[in-house]
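S.K.: Protein chains in written order, with the working numbering: chain A, 2 to 104; chain B, 580 to 825.
Source of the hints: derived by calculation from the structure; they are not laboratory data. Cβ coordinates follow ideal geometry from the N, Cα and C atoms, glycine included. Among the clues, some could well be false.
Stated by the list, open to error - Straight-line alpha carbon distances no greater than 25 Å define the calculated DMTMM-like cross-link-like pairs of lysine to aspartate or glutamate that follow:
| no. | chain 1 | residue 1 | chain 2 | residue 2 |
| --- | --- | --- | --- | --- |
| 1 | B | Lys757 | A | Asp95 |
| 2 | A | Lys103 | A | Glu76 |
| 3 | A | Lys89 | A | Asp100 |
| 4 | B | Lys757 | B | Asp665 |
| 5 | B | Lys617 | B | Asp583 |
| 6 | A | Lys28 | A | Asp95 |
| 7 | A | Lys28 | A | Glu76 |
| 8 | A | Lys103 | B | Glu704 |
| 9 | A | Lys28 | B | Glu704 |
| 10 | A | Lys98 | B | Glu704 |
| 11 | B | Lys706 | A | Asp100 |
| 12 | A | Lys28 | A | Asp97 |
| 13 | A | Lys98 | A | Glu76 |
| 14 | B | Lys757 | B | Glu771 |
| 15 | A | Lys28 | A | Asp100 |
| 16 | A | Lys28 | B | Glu771 |
| 17 | B | Lys757 | A | Asp100 |
Claimed, not checked - Here are the computed distance ranges between Cβ atoms for each label pair:
| no. | chain 1 | residue 1 | chain 2 | residue 2 | range |
| --- | --- | --- | --- | --- | --- |
| 18 | B | Tyr622 | A | Asn90 | 25 to 35 Å |
| 19 | B | Tyr701 | A | Asn90 | 35 to 45 Å |
| 20 | A | Pro57 | B | Ile681 | 29 to 39 Å |
| 21 | B | Thr595 | A | Thr61 | 17 to 27 Å |
| 22 | B | Met779 | A | Ile11 | 28 to 38 Å |
| 23 | A | Lys103 | B | Val598 | 40 to 50 Å |
| 24 | B | Val642 | A | Ala58 | 26 to 36 Å |
| 25 | A | Pro57 | B | Gly616 | 19 to 29 Å |
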Amino acid sequence: MTLTLYHYLIVAALLFCMGMYGIITSKNAVRVLMSMELALAGVSINFVAFSNYITPAALTGQIFTIFIMTVSAAEAGVGLAIIFNVYKNFKTVDMDKIDLMKW
Amino acid sequence: MLKDMLKDKSFLVSLTIFVTAVLMVLLSLTLGSIGYGKDLAFYTLSTVILVSAFGVVTARNLVYSGFLLVLTFVMIGGLYALLNADFLAAAQVLINGGAVTIMMIFAIMLTNSKSDTANIPYSFEYKFVAFVLSGLGLFFVLFLRMTGINFVLAKPFIFTTPTAWSIKEPISVVTTGKLGEMFLGQYIVPFEIASIILLMALIGSIVLAMQDIHIKTSESTYGEEPIDMYESSKAQTFPINNTKES
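With the rest of the complex left out, here is chain A:
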């Protein structure tokens, strides 16, 4: 039995769905960021798998994955700085308690 593209796609889809579930059900803001990283990793696996199976010589998917990695690192840094400020002002990182501008 050989590995096909579908194997990788199913693993990536499961990882993305777990990330979505974590984003919805997490109260802690740091865990929301971690779940976001999981979802981005699932998308990256998709890109690398497509790049390997469809255009093995062009490497375009790997270029995209490196850009995803860059943007996710930047997002994690800025997001954590925002969480620090929220913690300084509210003394909590509970997503339900941060309701200053709730409608």
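Use these hints to put chain B onto chain A, whose structure you have.
M.R.: Just chain B now, kept in the frame of chain A:
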């Protein structure tokens, strides 16, 4: 510490999975000569990825989920290596497995998340609805699309012809040099934009996280005594903090 760790079920599960993963990788190295090494490596890596990702999402103690995130990212690096992406595998382990998760663990410890109300989970009904919506529903849609099953109303659930990618076989390419050539040739503009984004994120996160510390610039250069950064930071703060305290 060890007693608490052994009480956490997700930690136990991940420890077991990790030990089995190491054994399976060793086994796949020995089985590689007869052609089953890649399959075994794939199934081992994906099992560890999925179980530890589930641990990241559900672990009660946030520090464990931070360390499980490291495990997930390292194993995803192994999956990249299986997909002939050697540079990406190394970059994944270094950047995501090393830097990003260390930042996450720093944030967990600095925000004192252990004694926070944010660790109390939602009710079972909320989690069930979220699971059905995001977990099952989204996966079902993605699975239908990727297997080529057509769910148009006129012709429900009919297997269409296999898509173009299912017939290609992957070939092994050494990617690092080629990626460098592409970054400095065809993709030079996105490459520069990505570096500007990184610089902006660096400066922006420093500015956001260090709002209290105000460095004296104009008057302190005239004084004879050395500048005390800590005292000056206590003396002068930004107006936004003053309004918050008053």
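S.K.: It remains to establish, for every hint, whether it holds in the given structure.
M.R.: Hints versus structure:
{"no.": "1", "hint": "Lys757/B to Asp95/A", "verdict": "violated, 45 Å"}
{"no.": "2", "hint": "Lys103/A to Glu76/A", "verdict": "holds, 24 Å"}
{"no.": "3", "hint": "Lys89/A to Asp100/A", "verdict": "holds, 15 Å"}
{"no.": "4", "hint": "Lys757/B to Asp665/B", "verdict": "holds, 12 Å"}
{"no.": "5", "hint": "Lys617/B to Asp583/B", "verdict": "violated, 37 Å"}
{"no.": "6", "hint": "Lys28/A to Asp95/A", "verdict": "holds, 5 Å"}
{"no.": "7", "hint": "Lys28/A to Glu76/A", "verdict": "holds, 19 Å"}
{"no.": "8", "hint": "Lys103/A to Glu704/B", "verdict": "holds, 23 Å"}
{"no.": "9", "hint": "Lys28/A to Glu704/B", "verdict": "holds, 15 Å"}
{"no.": "10", "hint": "Lys98/A to Glu704/B", "verdict": "holds, 20 Å"}
{"no.": "11", "hint": "Lys706/B to Asp100/A", "verdict": "holds, 21 Å"}
{"no.": "12", "hint": "Lys28/A to Asp97/A", "verdict": "holds, 7 Å"}
{"no.": "13", "hint": "Lys98/A to Glu76/A", "verdict": "holds, 23 Å"}
{"no.": "14", "hint": "Lys757/B to Glu771/B", "verdict": "holds, 18 Å"}
{"no.": "15", "hint": "Lys28/A to Asp100/A", "verdict": "holds, 13 Å"}
{"no.": "16", "hint": "Lys28/A to Glu771/B", "verdict": "violated, 37 Å"}
{"no.": "17", "hint": "Lys757/B to Asp100/A", "verdict": "violated, 49 Å"}
{"no.": "18", "hint": "Tyr622/B to Asn90/A: 25 to 35 Å", "verdict": "violated, 47 Å"}
{"no.": "19", "hint": "Tyr701/B to Asn90/A: 35 to 45 Å", "verdict": "violated, 24 Å"}
{"no.": "20", "hint": "Pro57/A to Ile681/B: 29 to 39 Å", "verdict": "holds, 34 Å"}
{"no.": "21", "hint": "Thr595/B to Thr61/A: 17 to 27 Å", "verdict": "violated, 39 Å"}
{"no.": "22", "hint": "Met779/B to Ile11/A: 28 to 38 Å", "verdict": "holds, 36 Å"}
{"no.": "23", "hint": "Lys103/A to Val598/B: 40 to 50 Å", "verdict": "holds, 46 Å"}
{"no.": "24", "hint": "Val642/B to Ala58/A: 26 to 36 Å", "verdict": "violated, 44 Å"}
{"no.": "25", "hint": "Pro57/A to Gly616/B: 19 to 29 Å", "verdict": "holds, 20 Å"}
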